[in-house]
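Trainee: Residue-level listing of the chains:
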Amino acid sequence: MTDPHVSAGLQGESGRNLPPLRLHVPEPPARPGESADFTHFDIPAADAAPRPDETAQPATMRDMAYGLVRVLDEDGAAVGQWNPNLPPETLLRMLRAMALTRAFDARMFRAQRQGKTSFYMKSTGEEAVSIGAALALHRDDMCFPSYRQQGILIARDWPIIDMMNQIYSNKGDRLKGRQLPIMYSAREAGFFSISGNLTTQYPQAVGWAMASAARGDTRIAATWCGEGSTAEGDFHSACTFASVYRAPVIMNIVNNQWAISSFSGFAGAEATTFAARAVGYGIAGLRVDGNDVLAVYAATRWAADRARANAGPTLIEHFTYRVEGHSTSDDPTAYRSAEESSLWPLGDPIARLKQHCIGLGIWDEDRHAAMDKELAETVRDAAREAEKNGILGHGLHHPMESMFEDVFEEMPWHLKEQQQQMLDEWKAAGL
Amino acid sequence: MEGSRPVSDMMSEAATETHGDTVQMNMIQAINSALDVMMGRDPAVVVMGEDVGYFGGVFRATAGLQQKYGKNRVFDTPITECGIIGVAVGMGAYGLRPVPEIQFADYIYPALDQLVSEAARLRYRSAGEFISPMTVRSPFGGGIFGGQTHSQSPEGIFTHVSGVKTVIPSTPYDAKGLLIAAIEDNDPVIFFEPKRIYNGPFDGHYDTPARSWAGHAHAQVPTGHYRIPLGEARVARAGEALTVLCYGTMVHVVENSVAEMGVDAEILDLRTLVPLDIEAIERSVRKTGRCMIVHEATRTSGFGAELSALVQERCFYHLEAPIERVTGFDTPYPHSLEWAYFPGPVRIREAINKILKD
Numbered sequence: 001m002t003d004p005h006v007s008a009g010l011q012g013e014s015g016r017n018l019p020p021l022r023l024h025v026p027e028p029p030a031r032p033g034e035s036a037d038f039t040h041f042d043i044p045a046a047d048a049a050p051r052p053d054e055t056a057q058p059a060t061m062r063d064m065a066y067g068l069v070r071v072l073d074e075d076g077a078a079v080g081q082w083n084p085n086l087p088p089e090t091l092l093r094m095l096r097a098m099a100l101t102r103a104f105d106a107r108m109f110r111a112q113r114q115g116k117t118s119f120y121m122k123s124t125g126e127e128a129v130s131i132g133a134a135l136a137l138h139r140d141d142m143c144f145p146s147y148r149q150q151g152i153l154i155a156r157d158w159p160i161i162d163m164m165n166q167i168y169s170n171k172g173d174r175l176k177g178r179q180l181p182i183m184y185s186a187r188e189a190g191f192f193s194i195s196g197n198l199t200t201q202y203p204q205a206v207g208w209a210m211a212s213a214a215r216g217d218t219r220i221a222a223t224w225c226g227e228g229s230t231a232e233g234d235f236h237s238a239c240t241f242a243s244v245y246r247a248p249v250i251m252n253i254v255n256n257q258w259a260i261s262s263f264s265g266f267a268g269a270e271a272t273t274f275a276a277r278a279v280g281y282g283i284a285g286l287r288v289d290g291n292d293v294l295a296v297y298a299a300t301r302w303a304a305d306r307a308r309a310n311a312g313p314t315l316i317e318h319f320t321y322r323v324e325g326h327s328t329s330d331d332p333t334a335y336r337s338a339e340e341s342s343l344w345p346l347g348d349p350i351a352r353l354k355q356h357c358i359g360l361g362i363w364d365e366d367r368h369a370a371m372d373k374e375l376a377e378t379v380r381d382a383a384r385e386a387e388k389n390g391i392l393g394h395g396l397h398h399p400m401e402s403m404f405e406d407v408f409e410e411m412p413w414h415l416k417e418q419q420q421q422m423l424d425e426w427k428a429a430g431l
Numbered sequence: 001m002e003g004s005r006p007v008s009d010m011m012s013e014a015a016t017e018t019h020g021d022t023v024q025m026n027m028i029q030a031i032n033s034a035l036d037v038m039m040g041r042d043p044a045v046v047v048m049g050e051d052v053g054y055f056g057g058v059f060r061a062t063a064g065l066q067q068k069y070g071k072n073r074v075f076d077t078p079i080t081e082c083g084i085i086g087v088a089v090g091m092g093a094y095g096l097r098p099v100p101e102i103q104f105a106d107y108i109y110p111a112l113d114q115l116v117s118e119a120a121r122l123r124y125r126s127a128g129e130f131i132s133p134m135t136v137r138s139p140f141g142g143g144i145f146g147g148q149t150h151s152q153s154p155e156g157i158f159t160h161v162s163g164v165k166t167v168i169p170s171t172p173y174d175a176k177g178l179l180i181a182a183i184e185d186n187d188p189v190i191f192f193e194p195k196r197i198y199n200g201p202f203d204g205h206y207d208t209p210a211r212s213w214a215g216h217a218h219a220q221v222p223t224g225h226y227r228i229p230l231g232e233a234r235v236a237r238a239g240e241a242l243t244v245l246c247y248g249t250m251v252h253v254v255e256n257s258v259a260e261m262g263v264d265a266e267i268l269d270l271r272t273l274v275p276l277d278i279e280a281i282e283r284s285v286r287k288t289g290r291c292m293i294v295h296e297a298t299r300t301s302g303f304g305a306e307l308s309a310l311v312q313e314r315c316f317y318h319l320e321a322p323i324e325r326v327t328g329f330d331t332p333y334p335h336s337l338e339w340a341y342f343p344g345p346v347r348i349r350e351a352i353n354k355i356l357k358d
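Quick note, the sequences are listed as chains A and B, same order.
When you line the first sequence up against UniProt numbering, it's residues 1 to 431, in that order.
When you line the second sequence up against UniProt numbering, it's residues 1 to 358, in that order.
Do not take every clue at face value.
Which bits of chain A does chain B cover? Going by a derived footprint, with three or more residues having C-beta under 8 angstroms, they are [said to hold, decoys possible]:
1. 183-189
2. 193-206
3. 232-241
4. 265-272
5. 409-423
Computed spacing ranges between beta-carbons, pair by pair [what the hints assert, rightly or not]:
6. A/H24 x B/R41: 53 to 61 angstroms
7. B/R41 x A/N310: 28 to 36 angstroms
8. A/L431 x B/T22: 55 to 63 angstroms
9. A/L431 x B/R314: 21 to 29 angstroms
These are computed hints drawn from the structure, not numbers from a lab.
Yeah, the Cβ is synthetic: ideal placement off N, Cα and C, and Gly gets one too.
Input sequences plus hints: build the corresponding full structure.
Mentor: Here it is, written out as structure tokens:
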């Protein structure tokens, strides 16, 4: 206490008859070893949410930000105003894309555990958020995803072997081994280059949408972030720009309750919903059952139609649950109750669509089991093919000198010198 | 390597380009002309930033552009630097060629994540699938009693980032030609405009009346299209006694100091810091054997440190004296003590005398 500034601040003023101030630091409902409890979640009936007109003024639909758009009820029937009434082939395509995403995740997670790559991130339990949105957008709408929307690529039929090549950083990797696994880039699939820096893609998506509008194009943009990253400054700047210029953009918040070890309370969930952020910006806000792929599809279609009608942006909160650890580097049993995922009241997105399809008479348990088996084999075969291009650390990578390419369009002298120096050093070392 | 390419100067540029009529412009008018020329030539060029639209910019650099090209191409933005640059990255990914303005370089820091993590890395991380062909214009430098947040020279922050180019003009002629080259370049460019010399060259004597660009040879600016290639230095003054490496406002301060001292210095106006014209630097220092580096930015880890290291590595056996750096001090930019801080004639004179003494 030798610093007078510090000691004065810590001591405060004595002798005043006021209660001491208290700092509120949020705590999740359950820690390891404790019972999970989701009874505090208010889950409206599947047909409860009204469906406003796509061009509704944001101020008239504030309740949507506090409700929950749902289509599939507890029995798996599609009900209410948001039912998109999709044909059987679309439903089965959704089901297959979600199942393929889960099978892909399982295989790649195992590949990391086997030492074939350095890192992986699953999207288990959140498949509907990517698949439902991707199928509701046009293929040439540009997606600005975060790292947990691999389902978009799968829904857009991007070759999974190409995704695996990226994960293995092998000689087939179009990104030349420069990016951490899962940081895909697929321009042809309308899938913007993923960055490790959170929420940077938010203003970028708004800028892409503004460019499309300024040029009189008809394409729109969509972007995704987690609820944790809504705390980033880029989230605020993106919402401001989107509102000011009425940009044709859909901004998705995947509220999976967890940002690594921090529960959603650290992003502000104790005080309000994430969809409610839209209200303050004058943006249309929807809160959606993220484990109901039909609700995700319907909300995305609503927002896409709104954007295409020049009625402005939409912010959608997808209420879901991150079933697995944050990444292969994470152990969720260190910070949350192990019971949580099994008690999650909105269930599993694949199981719910499967139940719906069976109820419609277009699907059955045998066909589902056969599909799962076939998809596991498809993923296994693709992985074997990808591994022929090399796995991480086994030497089958892009040439070392390619490290210096694409920093600039043309390589400047200092990079050419460093490139040559590296090659000379390795040669001198006899390698 | 030496001698493989001539050092560019204004006359050789002028001789190789066709650009129509030439009129006298100050640096703001030259920048405005560059934007006008590029917006007229390329519908993908868009201008955006705080107060750049209807009002025409707090320094008038974008005056008249919105009226001429419309609000879809020249527009005011909310006050959010991370948003301005983030949106510009998205526009570039779409296929536009954005020219965002950051009102003062001192306010570029909120945009650092978008510049460093996104714009600079986009081509590399996507293996060329997506690019960020933006040019970030921003007034920089001191000498205007701008205090701590209207005077900074943060070029060293950007030269340290792989994937961005950093350009700083020192004359109206160069400002237009370099800005056109920057806008046409497919890599992100940080274009710092020395605001002290927007309206006239500054010789470092703050107590004498301000001069205008009128009558200055490099204030005769072609009205049409021309470019000055990025990565080429300009010999501002040819000489034999020592080499001075500088850019921006300091080119004029050094020119005047050298003239007052009667020293036959060779002054290189670097114009582009990344990529750097290393051949011009080597050629000059090997000739003179002595090197002084002058910049307004703070000293420690400033761009002068990189220049000094390069000269030491490449010209060691030609050096006859230690390399001197005359820079801003390692303090925030002060208000009332500006002329004690600014690397002006007094400090330049001392450094030259020290170099020539050895």
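Trainee: Check the structure against each numbered hint from earlier and tell me which ones fail, lowest number first.
Mentor: 4
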